[in-house]
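Peer 1: Take a look at the letters that make up each chain.
There are 2 protein chains.
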Amino acid sequence: MTTIIDGKQLAKQVNAATKERVTQLGQRGIVPGLAVIMVGEDPASAIYVRNKHRKATQLGIKSIVRELPATITQAELLAVVQDYNQDPSIHGILVQSPLPTGLDERGIVAAIDPAKDVDGFHPLNVGKTFANLPGNYPVSCTPRGIMTMLRSLNVPLKGKHAVVVGRSMIVGRPMGALLLNADMSMTITHQYSERLSDITKTADVLVVATGVAHLIKAADVKPGAIVIDVGMDRDEDGKLTGDVDFDGVFAKVGAISPVPGGVGPMTIATLMQQTVDLCEWSE
Amino acid sequence: MTTIIDGKQLAKQVNAATKERVTQLGQRGIVPGLAVIMVGEDPASAIYVRNKHRKATQLGIKSIVRELPATITQAELLAVVQDYNQDPSIHGILVQSPLPTGLDERGIVAAIDPAKDVDGFHPLNVGKTFANLPGNYPVSCTPRGIMTMLRSLNVPLKGKHAVVVGRSMIVGRPMGALLLNADMSMTITHQYSERLSDITKTADVLVVATGVAHLIKAADVKPGAIVIDVGMDRDEDGKLTGDVDFDGVFAKVGAISPVPGGVGPMTIATLMQQTVDLCEWSE
Chain V
1 MTTIIDGKQL
11 AKQVNAATKE
21 RVTQLGQRGI
31 VPGLAVIMVG
41 EDPASAIYVR
51 NKHRKATQLG
61 IKSIVRELPA
71 TITQAELLAV
81 VQDYNQDPSI
91 HGILVQSPLP
101 TGLDERGIVA
111 AIDPAKDVDG
121 FHPLNVGKTF
131 ANLPGNYPVS
141 CTPRGIMTML
151 RSLNVPLKGK
161 HAVVVGRSMI
171 VGRPMGALLL
181 NADMSMTITH
191 QYSERLSDIT
201 KTADVLVVAT
211 GVAHLIKAAD
221 VKPGAIVIDV
231 GMDRDEDGKL
241 TGDVDFDGVF
251 AKVGAISPVP
261 GGVGPMTIAT
271 LMQQTVDLCE
281 WSE
Chain W
1 MTTIIDGKQL
11 AKQVNAATKE
21 RVTQLGQRGI
31 VPGLAVIMVG
41 EDPASAIYVR
51 NKHRKATQLG
61 IKSIVRELPA
71 TITQAELLAV
81 VQDYNQDPSI
91 HGILVQSPLP
101 TGLDERGIVA
111 AIDPAKDVDG
121 FHPLNVGKTF
131 ANLPGNYPVS
141 CTPRGIMTML
151 RSLNVPLKGK
161 HAVVVGRSMI
171 VGRPMGALLL
181 NADMSMTITH
191 QYSERLSDIT
201 KTADVLVVAT
211 GVAHLIKAAD
221 VKPGAIVIDV
231 GMDRDEDGKL
241 TGDVDFDGVF
251 AKVGAISPVP
261 GGVGPMTIAT
271 LMQQTVDLCE
281 WSE
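If you read the sequences in order, they're chains V and W. Residue 30 in full-length UniProt numbering sits at position 30 of the first sequence, with consecutive numbering throughout. Residue 264 in full-length UniProt numbering sits at position 264 of the second sequence, with consecutive numbering throughout.
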């Protein structure tokens, strides 16, 4: 019997817990604040930003969306970030990616106060995660949400083998770090990996984040594996689909997250959770 | 025919290049400076520190060894680090590990100016390495030295599978990051890894850093693999040996680094190389 990992349902639980924490903070007169900076008018970014704003507002988080023209200079954008760094009512700052050409995204991310880096992309937080340092610090939201999904299954991870396909700074690399920190053997593969199928077939937990629709098929997975699909791809008919051939893989695996309704809702729920974390940690 | 990766010989080449760079800096009136801070009287640490001091002096690097009593407080030790952070004649600072109980080593490492972090242990530098950011920053010396050893073999790494056994912050984790950044598929395993042999047998490049003498035997390696042994263990007779059963593995693999004479000399040569890097980058 294959378990479908219902990200939508799990996100509801996470959001309910977040809302409860916001209420408790409110009783002490504290309101978590999230600043989302959007530069230019990328239509996909506009949708993502709107969804974040809506969810934050629903949960009682103060949400500021700062829309800036694509003509803004690096120095001007850095000044905006500095303002939010210094604003005590803002606990989380995120700069919606991608930035228009000409702006140095890495420089902007590095300018965010690491204690307000709600996306977990600042190199200091990346380093703490990879070093598995103790203490409180933010972690990239998609991998953190995926860990929540894996833990919801109540299966032992320690000692098992996790394979991540894709090595982006947003998903693949921090995902690998978190799986390693969960005491799993951890493999990261990517577009240059030879004999990829031989590697993915050894995975007890397989996380796929490549942006290639249906890259992973039944022959590429181990029987009984847990498969997490981070893809948000379009099939030939323009329908939203994942990096995993869900229908082909389904009967063979132990658990699988669908697209849509898997990782997507968990990422935004984790962003909200982490905003409240940052608020609490700042106390 | 198995290649023995002669770390002693390769370290001589690296040191010769470093010495040449020091000479060139000297012609501009610049002397690279290394400060080694040693707290307490651990006998092994004393040997390591003396070796570093001797090698630095041989290469024309200004070497300061600051010996501090085991009774020093965290605040006093932080003040010493701050002094070197502000001293323009010092380009690299390292705190010899382990520190006596009662001192917070992580806090001390985090206090080193990341631009003078010659060991590459500061979380900001760890994060930059794991994120594969462009630009100049120090990297943990043992893994960096191992990359020099691998590159000296002139075999393609891209797309091949690297397996690291051990996940310490000094070797295993940064080693994995560098192998991933070299476009290899990258696996990190550790003491909790199940079916370890099944994983190590898939490695085209196998790096072993566990501190367990002769953990890896012929049955654990792929024919033709490149094996790097980071172990510095003692066998039953008290003789220095590695984590790999060299004699048993030798005929099966393509290349192997011996212990002693492999990784050890490369680590100290890389430390010197990186001191000069930090000096040049500070210009």
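There may be inaccurate statements among the hints.
To be verified - Computed Cβ-Cβ distance ranges for the label pairs, DEER-style:
1. V:Lys201 to W:Glu76: 53 to 59 angstroms
2. V:Leu133 to W:Pro260: 31 to 37 angstroms
3. W:Pro260 to V:Pro156: 35 to 41 angstroms
Calculated directly from the structure, the hints in this document are not laboratory data. Ideal Cβ placement from N, Cα and C applies to all residues, glycine included.
Peer 1: Look at each hint and say if it fits the structure.
Peer 2: To see whether the hints hold, each was checked on the structure:
1. V:Lys201 to W:Glu76: 53 to 59 angstroms: With Cβ atoms ~55 angstroms apart, the hint holds.
2. V:Leu133 to W:Pro260: 31 to 37 angstroms: holds (32 angstroms)
3. W:Pro260 to V:Pro156: 35 to 41 angstroms: holds (40 angstroms)
Going down the numbered hints, you'll see the structure goes against none, and every one checks out.
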